[in-house]
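Each chain is listed here by its residues.
Number of protein chains: 2
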Amino acid sequence: MTATILNGRELANEIQNEIRAELSNFIEQHGITPTAAVVRAGDDPASVSYARSLERSFSKLGVGFQLHTLPESATQDEIVATVARLNGDLAVHGIMIQEPLPKGIDEAAVKGALSPDKDVDGVHPLNTGRLAQAAPTGRPAGVEPFFIPATPAGGLEILRRYAIELQGKLAVVVGRSTIVGKPMALLLLRENATVIMCHSRTQGLPDVCRTADILCGAVGRARMIKGDWIKPGATVIDFGINFVDSQMCGDVDFEQAVEVAGMITPVPGGTGPMTSVMLMKNVLQAVRRQVG
Amino acid sequence: MTATILNGRELANEIQNEIRAELSNFIEQHGITPTAAVVRAGDDPASVSYARSLERSFSKLGVGFQLHTLPESATQDEIVATVARLNGDLAVHGIMIQEPLPKGIDEAAVKGALSPDKDVDGVHPLNTGRLAQAAPTGRPAGVEPFFIPATPAGGLEILRRYAIELQGKLAVVVGRSTIVGKPMALLLLRENATVIMCHSRTQGLPDVCRTADILCGAVGRARMIKGDWIKPGATVIDFGINFVDSQMCGDVDFEQAVEVAGMITPVPGGTGPMTSVMLMKNVLQAVRRQVG
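Residue numbers (our numbering), protein chains in the order written: chain X, 1 to 292; chain U, 293 to 584.
Careful: at least some of the hints might be erroneous.
[As the list claims (entries may be wrong)] Stretches of chain U that chain X covers, calculated by requiring three or more beta carbons in the stretch to come under 8 Å of a beta carbon on chain X:
#, stretch
1, 404-418
2, 427-436
3, 461-475
4, 490-501
[What the hints assert, rightly or not] EDC-like mimics (lysine to aspartate or glutamate), calculated; alpha carbons at most 20 Å apart, straight line:
#, chain 1, residue 1, chain 2, residue 2
5, X, K226, X, D213
6, X, K231, U, D499
7, X, K231, X, D213
8, U, K523, X, D207
9, X, K60, X, E22
10, U, K518, U, D499
11, U, K352, U, E302
12, X, K103, U, E436
13, U, K395, U, D336
14, U, K518, U, D505
15, U, K352, U, E310
16, U, K395, X, E144
[Stated by the list, open to error] Derived Cβ-Cβ restraints for the label pairs, each shown as a range:
#, chain 1, residue 1, chain 2, residue 2, range
17, X, R85, U, I297, 50 to 60 Å
18, X, M248, U, R502, 36 to 46 Å
19, X, T75, U, G460, 36 to 46 Å
20, U, I297, X, Q167, 32 to 42 Å
21, X, R20, U, R377, 46 to 56 Å
22, U, N317, X, M248, 54 to 64 Å
No wet-lab data here; the hints were simulated from the structure.
Using N, Cα and C, we set each Cβ at its ideal position, and we do this for glycine too.
Same shape as in the complex, but just chain X (with noise of 0.2 Å):
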């Protein structure tokens, strides 16, 4: 058996294309350009390229981008005053501050400064806890208004997109970090799945997995997650990206299991193509908040 592919990379310019004609609209409307500001203090590798690439994507579809970088010396202070004039700032409507932080850093303090109305990718603990508390899906959501961060929130998309069951189904999620795994328990959970949060002391994690229906995978181990560690048809969606001699993979196995899964997302071309247009949208309602 080889799993369908859960192609991220044509559902994020399906996406691309919706974002377009509502971007449009809202410009002729509003004559406002939804605009992001990304904030980065050093220059880790990492997080130039990422930088770079979300340029490229929300520059091609003319959504408003801009790069506030500090040295890596920068102080707190420094950043929180760079953020809180992004704040302040009119014309600038979501604001994603790039991890890591210079050490010494309180990246607590750095997000808890964040305007949660401009907090796209999520990261505030305000909206955490809008998505914590919030209501399961089609009931009224019982809070106000949250982003979730961009990257689970693409995962959940290519679930949706595909039409992939949730409803009392098994998840498993395997990592549990602020920005992937916990949100993501957290969306599968509104979903009506029945959700395992698993990390680095679950015992018997290859069983735990095997139970999925929906496995996830967000730790940041390449191809940790085995063939054999899949429960036959399962779907499988990947949110890792590492890198072994410098080629790109997953937190899955995936030569393995393709040919155990039912559906599968690559690595790359799964989750990743979605995490710029997931926050385009983010940003897009942001901007429709802030207009009223």
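Dock chain U against chain X, hints included.
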């Protein structure tokens, strides 16, 4: 086999003694009586009786207690105004809003009006978000200080004081309320348990429960969890407070479960008595932060 009873009443007494000592030190040092305010609109009988029981527990130890009641006909603005007044009242250190609020009141708006620094039952989304983002226990939390809802905090305290190993264990939480199920799942995750979040849409719930080393009932359905849903020797934490023929019982069928489980909280006398002491601990934490 008969399970060891996890005696919440006894533990609560023990913690009351600790609070008494801490409180008299605090008052001596600062000349301030830590004080909590409860806000209620309407006369829901369970809310009235809960407020009375809180008042008794608080007064017994010398923690200040105020009850602010509004009529069932109170508007949202009136309730929010009461909360705002208490936010600004330097003599009030913790605020709890009783649910249910009258029909038509937006609970999210009322909770959101709470000062997060006085939100001693951890219902504000900022506190939920910090809990969700917090690193595992034993590492720097990586978030600003936060309050944990008292009921799940009490459940965790029972597990801790009975020295029940959590790391790497499989914990199943049945129920996903904002005030018990979800925060309990997040707390167990912070203790490095592998956590399964179950709910009304979970398929094969008895089988899922049977995998649990730690099984938490937080659904509010009398005796739903049967003896044969429990793995022999498992630890059972029952958060349910239900009434059948005016007799209080939990979510777990205690008569059956006590023959199978290794350890179990009874209802009454398990998690219930822990709630008010954990609230008092949170009030003490709040006042300490407020006096700096």
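Going down the list of hints, with the structure as the test:
1. 404-418: Holds: 4 residues of the stretch 404-418 of chain U have a Cβ under 8 Å from chain X.
2. 427-436: holds (count 3)
3. 461-475: holds (count 5)
4. 490-501: Per the Cβ count (6), the hint holds.
5. K226/X x D213/X: Measuring from Cα to Cα gives roughly 16 Å; hence the hint holds.
6. K231/X x D499/U: Distance ~18 Å between K231/X and D499/U Cα, so the pair holds.
7. K231/X x D213/X: holds, 7 Å
8. K523/U x D207/X: holds, 18 Å
9. K60/X x E22/X: holds, 14 Å
10. K518/U x D499/U: holds, 11 Å
11. K352/U x E302/U: holds, 16 Å
12. K103/X x E436/U: Roughly 18 Å separates the two Cα atoms, so the pair holds.
13. K395/U x D336/U: Holds - the C-alpha atoms of D336/U and K395/U are around 12 Å apart, at most 20 Å.
14. K518/U x D505/U: holds, 16 Å
15. K352/U x E310/U: holds, 13 Å
16. K395/U x E144/X: holds, 18 Å
17. R85/X x I297/U: 50 to 60 Å: Roughly 59 Å apart at Cβ, these two residues keep to the hinted range, so it holds.
18. M248/X x R502/U: 36 to 46 Å: holds, 41 Å
19. T75/X x G460/U: 36 to 46 Å: holds, 40 Å
20. I297/U x Q167/X: 32 to 42 Å: holds, 38 Å
21. R20/X x R377/U: 46 to 56 Å: Taking Cβ atoms as reference, R20/X and R377/U lie about 50 Å apart, which means the hint holds.
22. N317/U x M248/X: 54 to 64 Å: holds, 58 Å
Checked against the numbered hints above, the structure violates none of them.
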